[in-house]
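Participant: Put the two chains together into one complex; each comes in its own frame, and the hints tell you how they fit.
Top to bottom, those sequences are chains A and B. To get our numbering, take the position in the first sequence, counting from 1, and add 1. To get our numbering, take the position in the second sequence, counting from 1, and add 18.
There's no promise every hint is true.
Derived coverage of chain B by chain A (criterion: at least 3 residues anywhere in the stretch with Cβ under 8 Å from a Cβ of chain A; other residues may be distant) [said to hold, decoys possible]:
1) 386 to 393
2) 405 to 412
3) 416 to 424
4) 473 to 482
Derived by calculation from the structure, the hints in this document are not laboratory data. Computed from a prediction, not measured in an experiment: that's the story for all the values here. A virtual CB, placed ideally from N, CA and C, is assigned to each residue, including glycine.
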Amino acid sequence: MDQLLINPDYPHILSTLIFLPLAGAVLLLFVRNEFFARYWALGITTLTALLSIPLIKAFDITTSKYQFVEQVSWIKSLNIQYVLGIDGISILLVMLTTFIMPLCVLASWSYIKTRVQAFMVCLLIMECAMLGVFMALDFVLFYILWEAMLIPMYMLIAIWGGPRKIYASVKFFLYTLAGSVMLLVAIIWLYINNGYSFFIPDMMWQNYSSTAQIFLFLAFFLAFAIKVPMFPFHTWLPAAHVEAPTAGSVILASVLLKMGTYGFLRFAIPITPEATMTLAPAILWLSIAGIIYGGFTALAQSDMKKLIAYSSVGHMGFVTLGIFVLNTNGVEGAILQMINHGITTGALFLCIGMIYERTHSRELRDATGVGKHMPIYVTFLTFFSLSSFGFPGTNSFVGEFLILAGTFEHSIWLAMAAIPGALLAAAYMLRMLQKIVWGGTDNPDQSWIKDLNIREIVTLAPFLFFVFWIGLGAQPFIDLIHVSVENLLNNYHGFHSQVAVVTNLLIQ
Amino acid sequence: MQFLPELTLLGAGLIIFIVSLGKANGDTTRNIAIGLGAAIFGATLLSYCQTGKLFFNAYQIDLFSQVFKTLIAGAMFVVILFGNKLKGIQQKVHPEYYLFMFMSALGLMMLVSSVELLAIFVSLELSSFAVYIMVPMRDDTGKFRFQMEAGIKYLLFGVTATGFMLFGMSYMYGLTGSTELSVVITKLSTMWNNPAAVIAMMMVLAGFFYKLAIFPFHFWVPDVYEGASNETTAFIASVPKLAAVAMLIRLVSLINGEGQAILNVLMVCAVASMFYGNLSALVQKDVKRMLGFSGIAHAGFVLLGILTFQITGFANAMYYIIGYVLMNLACFLVICTVSKNGENVMIDDLSGLHKRSPIMAFTLAVGLFALAGIPPFVGFMGKFMLLAGALKEGYMLIVILAAINTAIAIYYYLSVVRVAYASDPEDRAIVSPSILTNATSVFLLAAIVIMGVIPQRFVDYATNVVQTIM
Numbered sequence: 002m003d004q005l006l007i008n009p010d011y012p013h014i015l016s017t018l019i020f021l022p023l024a025g026a027v028l029l030l031f032v033r034n035e036f037f038a039r040y041w042a043l044g045i046t047t048l049t050a051l052l053s054i055p056l057i058k059a060f061d062i063t064t065s066k067y068q069f070v071e072q073v074s075w076i077k078s079l080n081i082q083y084v085l086g087i088d089g090i091s092i093l094l095v096m097l098t099t100f101i102m103p104l105c106v107l108a109s110w111s112y113i114k115t116r117v118q119a120f121m122v123c124l125l126i127m128e129c130a131m132l133g134v135f136m137a138l139d140f141v142l143f144y145i146l147w148e149a150m151l152i153p154m155y156m157l158i159a160i161w162g163g164p165r166k167i168y169a170s171v172k173f174f175l176y177t178l179a180g181s182v183m184l185l186v187a188i189i190w191l192y193i194n195n196g197y198s199f200f201i202p203d204m205m206w207q208n209y210s211s212t213a214q215i216f217l218f219l220a221f222f223l224a225f226a227i228k229v230p231m232f233p234f235h236t237w238l239p240a241a242h243v244e245a246p247t248a249g250s251v252i253l254a255s256v257l258l259k260m261g262t263y264g265f266l267r268f269a270i271p272i273t274p275e276a277t278m279t280l281a282p283a284i285l286w287l288s289i290a291g292i293i294y295g296g297f298t299a300l301a302q303s304d305m306k307k308l309i310a311y312s313s314v315g316h317m318g319f320v321t322l323g324i325f326v327l328n329t330n331g332v333e334g335a336i337l338q339m340i341n342h343g344i345t346t347g348a349l350f351l352c353i354g355m356i357y358e359r360t361h362s363r364e365l366r367d368a369t370g371v372g373k374h375m376p377i378y379v380t381f382l383t384f385f386s387l388s389s390f391g392f393p394g395t396n397s398f399v400g401e402f403l404i405l406a407g408t409f410e411h412s413i414w415l416a417m418a419a420i421p422g423a424l425l426a427a428a429y430m431l432r433m434l435q436k437i438v439w440g441g442t443d444n445p446d447q448s449w450i451k452d453l454n455i456r457e458i459v460t461l462a463p464f465l466f467f468v469f470w471i472g473l474g475a476q477p478f479i480d481l482i483h484v485s486v487e488n489l490l491n492n493y494h495g496f497h498s499q500v501a502v503v504t505n506l507l508i509q
Numbered sequence: 019m020q021f022l023p024e025l026t027l028l029g030a031g032l033i034i035f036i037v038s039l040g041k042a043n044g045d046t047t048r049n050i051a052i053g054l055g056a057a058i059f060g061a062t063l064l065s066y067c068q069t070g071k072l073f074f075n076a077y078q079i080d081l082f083s084q085v086f087k088t089l090i091a092g093a094m095f096v097v098i099l100f101g102n103k104l105k106g107i108q109q110k111v112h113p114e115y116y117l118f119m120f121m122s123a124l125g126l127m128m129l130v131s132s133v134e135l136l137a138i139f140v141s142l143e144l145s146s147f148a149v150y151i152m153v154p155m156r157d158d159t160g161k162f163r164f165q166m167e168a169g170i171k172y173l174l175f176g177v178t179a180t181g182f183m184l185f186g187m188s189y190m191y192g193l194t195g196s197t198e199l200s201v202v203i204t205k206l207s208t209m210w211n212n213p214a215a216v217i218a219m220m221m222v223l224a225g226f227f228y229k230l231a232i233f234p235f236h237f238w239v240p241d242v243y244e245g246a247s248n249e250t251t252a253f254i255a256s257v258p259k260l261a262a263v264a265m266l267i268r269l270v271s272l273i274n275g276e277g278q279a280i281l282n283v284l285m286v287c288a289v290a291s292m293f294y295g296n297l298s299a300l301v302q303k304d305v306k307r308m309l310g311f312s313g314i315a316h317a318g319f320v321l322l323g324i325l326t327f328q329i330t331g332f333a334n335a336m337y338y339i340i341g342y343v344l345m346n347l348a349c350f351l352v353i354c355t356v357s358k359n360g361e362n363v364m365i366d367d368l369s370g371l372h373k374r375s376p377i378m379a380f381t382l383a384v385g386l387f388a389l390a391g392i393p394p395f396v397g398f399m400g401k402f403m404l405l406a407g408a409l410k411e412g413y414m415l416i417v418i419l420a421a422i423n424t425a426i427a428i429y430y431y432l433s434v435v436r437v438a439y440a441s442d443p444e445d446r447a448i449v450s451p452s453i454l455t456n457a458t459s460v461f462l463l464a465a466i467v468i469m470g471v472i473p474q475r476f477v478d479y480a481t482n483v484v485q486t487i488m
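Chain B on its own, in the form it takes in the complex (with noise of 0.2 Å):
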């Protein structure tokens, strides 16, 4: 029971490669991954509410992981689902590229299981190259090959993450005597003032800031989002994040208080990010690109949680990205909806969309709205709480930094819709989303809505989770 999700996403991954020999059409293809996909989603509920540690001590099952487990898998079927014809993919490919989705997916869940730096290396990579394989597999109409350059960007800037990483550890290694993560923050915990202590755990943070787009690790973004086909960036955007938030959690609560270098160079990552990214979204045409520039000002603010070193810190952390994730997959939702042969989306291109299709310009306005932090959607509740936490211990310059930056990103996301509602549609084609994609956007919205009109259990229940792993 204890390891039935990732068994479940091997099982699933096994079956896809059975029907990537034969020569199954789309359609068979996609009604397998969604059941597969739903099937994953049901193994990790089952196992919910397991505890335990497996092979060794290096691999924990706990509340968190298994949270996280879920709201991956969770975040993975919705993909499955909007991204449901895959008109962004070559169409020989469909079967591995599901393959590749679900090896990724399994990564990551293991990922957020790992408690020893060798298990978070190997899962990490699982995931990452997975990915890396995604990237390319879009279908070249355009023949510019620009999904190559974003594969090989991908790749690039992950491996040099990666070696970052892999250098940290090597001197948590050499500073402590051990692999395993309780034991390493023990023994770093008391030499917080010894600069490769910082050294190792600032670049041990670096393989999670890359994953989650933080400035200086974020170089990858527009470029893969905007190569990559609309499906693979809807993934990229919102599940390896989930785990990210999850990993940067685990390492950073187990520094105690002393680590004052290591909460500067948070500090001055968040703000970096937030300005960074809301500057240069300011100018994109490209919708995805924006909304890539957009996460890593959202993952700015994500960090605002984490530096707090608070349980509560953590908890809106947690509830903020799961917000995210919601809000970016409705985004995506339409995006992906709206590309006809799965080309990339200008930001013209949604011109007059709610006379095109009135379902997709609502949840598009809710997304951006959502996700410029208007209330009452879960983004505004998730940033006050962030805002709130930071100015409680103190850090008033973040905060009114972090402020200014909400009103700078109003502009972008309010232009996006500005264009959905208030332009013409000219001779734009009518949009008309399959009842899946319908149904899906019905359920983000009302996630989107019910997370920010009653956060209470939400944080509650995050708060409770956090707890466990302290």
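Just chain A, same shape as in the assembly (with noise of 0.2 Å):
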């Protein structure tokens, strides 16, 4: 257990932050009104944003041990614990996900009409167990919470969704349970492997043989890919995405499909390096596949909510490829480009959502124009438009920069296959922003369309904020990360170095 640091100042504040919003769901459960379910659930929402701070304040950048860590059994029997913990790979991802609730509260003000209690009730809940995916250190834990999640996020979907929503949250839950239940079977397999325990560090950087890494490797990828999603596993996105309201899309995108990327730097690099150095180069391709596939299909889209869902896909193919390239300025990068992408998509899907409240319609061509009317909406719009194809200056330059310097690092050849992919990001960046600003000489009638009220720039600014700071100052940012990463790194490296020590022993 020395990879643990329990820090006295704070006992208990990852139980807090994970409790706080289930303790609000489970009190708005008996409440029948609406008014007090917005207030009741953006306090509740921004009380663990604040909360959440002093994990920043008091983080210690210099060691690449769990922080925080909190730890009871759970389960004897079988040995299941309830511990959680942080570290460099997921201190940021726990930040992005508290600070993003408050502000998805607040875009589904007015949006959502009809059960707003119970609507609250599901993002309480989605916000206690996405910190919990983040937090947890025991596998069965994790398990728990990444399964839980499906339930209110597919109640998003079913309820609050658009005219398909029947479709795409069916396909939404299939598609992510699915890719799980070989999940399931590989930690029950490491549990019995690894002397009955299901802490995760104690799973990490054992000698399994390479047949059982390649298999569970596998199960992990087909997990973790699909949450991603990763190129033939996409075609959930672009359905949920579509139909899910406002607030839902923002979720997806910000958070939940950070998770799959966690995934693979918590538990598919510790826990079976051997394979993920055989089969890397394969998801590397996958990625670039994913880069170029998600850039043309967004180039074609009339519907801007898939645009934004279809870029999805191009930019955390980058996050894949910065991951598996394997070096410092790759993983470095990508992690930052799972923290960017989740600030800029978030915020271009409030951005549709707000342009959907007013025209009902989420057609490029019906918001065409509406620039000359919506003069503060599009200065946020284009600055989110530029973040998002990694404009410099702006978060998304950053960490885009480090993923490629670390794939140039690992081979020019995918270097290359890669850059179009920037390319084509401008290109339907560029398009949809023209459309919306200025349009054509045939735009609707938009005169009618009144800009945004407070409240809705209240929502934006903090994003265009974290833009900003990211994009002309990301230290900060990467310190937070850096040691945790060198440490996998090291790991890593070590591992296979002693793997060849072994292999040159038994040859001789």
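Facilitator: This is the structure:
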């Protein structure tokens, strides 16, 4: 247990963050007042966000150990523990989750008109499960929260979704669940081969046989690649994004997709390093395929939400690319890009939700030329679009640059193949931006549209703030993740040199 | 005291019999039945810690049997509570219906205490025959008389299974010269390489496979579930399964490690049940039929615990069947409440349930998600422990097949939830469950969640309970 660091100043901070939303949700079940429900959910999520600030303050950036650890035995007979902890890989994701939730509540303020209490209950339960997924250090705890998340997300899409909500919600649920059943088998196998322990750090860097590693990796891959989603498994994403209500899309894009990539970093690489080495090339090329495919498909969309959804496929392709080149630049860039994508794409979905609230259409051609009547709106939209294709000075530039730098280090051909993706991103984002801001000569009459109100500006402003903060001064963020990433990669390379030594010995 | 639950049941039967002689109206009968159900449940609690042997050692009262008696009484009480108006049963036979329900429960209670072949047979028959009569008691609104078909099917399949069982018992007696379970199994344990012993054991197990609806003794399930009234199906789908699992554990726990042939058969049955149940459930339109097929699949999962031949495996199976009964009862509670005049409920009839009755929709969703094995409900924990236990014994293949089944199963559960939450109610009537029904559903939901979140105590207790019969 030497990987754990208990922070005496904040003994229960992680549990508080997890259970505060849950408690809020339970209380909300007994309330029959929509007005109260909105303010209550906003209050709870804001409080959670404020409570998570001490995490950053007290986070020790000089160690790769798990911090703020809490450990309680949960199910003794199976040796399942309730153990939480965060390190450099997860801290930013936790912060992203806590900060994005109040904004999701704000974004649903007038968007959701029916069954408001139930909606807010779903949001709060989502927050509880999502935070838990990033904090859990016990595999069963992780799996339970990972699966439990499906129910509220399903409800969000199925009840408050668009016209094809049934198709989209079922597809989302089936894909994700089917992907993770083999994960369960893998978890149990690891448990039995690790002295009956579900403790995740204990499972890392062990010498499992090559075949076992390949199978484990495939089980991980299926679960996480569907969640990311990587290229051949992405088809649920556009459907779910398009039909989900704005807050659902934001959660999906900003947090849920990150769980897949987080899973690769937390589980796939440390638990199956050998299989990672063997299979990384395939995953790298799948990432490239995702980048190019996402780019071209986004270019052809007339539905704005679909456009952003496909752009997500491309962006997440960059993230997996960064992870599996397995060098410092790549992995750090990937983690930073996970956050950036959460900020930028979340904001873009909010922007589209705002248009949708006004015109009740997601079609690009119904939104042409609103720039004339919504100057504040298009200002925000412009910055987020620039950020989305990695314009220098915005957050995504830093992330993509690091990833590409890492990729060049790894293989020049791979990097050459990824570059057109960045170009495509500019093409489809600028196309959308041009149409929304100016349009053509045949714009529909938009003069009745009102510009953003205070609530909407307050919702978008934090996103813009972070776009520039990360874009202009990314160092504090990289400092947070650096030591953990170094440790991960050192262990990874150490593992392989150790294996090489053993093999050499055997040969001699 | 030792025989108190059974005596109470008999007494309850007598009281209801007297009621049936007069002309009591529906409400009185119902109130009496609820009172008696509570009394029976109380009696099982009172005699909870009793131990001892009765009737020339044919009848054993131990913690194991008492736990199952309490569960049987509890499950029956819940069925009585939510089937409160017995909408699907002919008005004039309401008292008789309760009478047979009590008699069936009596048979099941005796069954879990029986440790002698003939006692097992007699109590099994008592429980079965009562249910054979309950099935055709359905109110025949459509004049299709399909409850008769269901009754006959149930009877014929049941008699066949009993035939198998009797035949197996005769082999057992022939091989060992005794009908006492402990003697029989000790002697059999030296002759597992003798095909006759294996066949005898398999045939006896077949009788319980029939009750639990395990492949290849599942054929009665869909038609009986569909043909019987909703309340009867709720009873058949939950209470006898408890007793069947109890008896499977009692019998299999006595087989020692040599029973490789039996193990193989159990494995095949488990996997076949899962695939058959889940694949057939995919295409059902009637909710009860779907739950019937899902029950077959779940029986396969229970077998997964039993075939480990370990105490923990038996305890997991026990935990799982208790969880299954809770989840199943939650679903049937919704079916009974939504069904207006006791007719069958199609999946489409649940459209927009969340607008017609939020609490029923919620109960249904939790029940189905739990059956599908989604955390944090009891279904997930049970499944997880069964898989972990089986993998610990090295049955990798069967665990992977079971995991694949989980993925198949989610589709049909989800399609019901989808209808309840994402479809429009159109012009379907509002469902207004009674306070009693609401209270029952809240209790079931709480039990499903609590058992799923803190399984430790329950599993530990189940382990203790199983330990007493080893």
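Participant: Can you confirm whether chain A covers the region 386 to 393 of chain B, using C-beta to C-beta distances below 8 Å and requiring at least three such residues?
Facilitator: Coverage by chain A holds here, the residue count being 3 at a Cβ distance below 8 Å.
Participant: Quick one: see if chain A covers the region 416 to 424 of chain B, three-plus residues with Cβ-Cβ under 8 Å.
Facilitator: With 5 residues in contact (Cβ-Cβ under 8 Å with chain A), the coverage given for the region 416 to 424 of chain B holds.
Participant: Are there three or more residues in the region 405 to 412 of chain B whose C-beta lies closer than 8 Å to some C-beta of chain A?
Facilitator: Since 4 is at least three, the answer is holds.
Participant: Is the listed coverage of the region 473 to 482 of chain B by chain A valid when you require three or more residues with a beta carbon under 8 Å from a beta carbon of that chain?
Facilitator: Per the Cβ count (5), the hint holds.
In the structure shown, no violation is registered for any of the earlier numbered hints.
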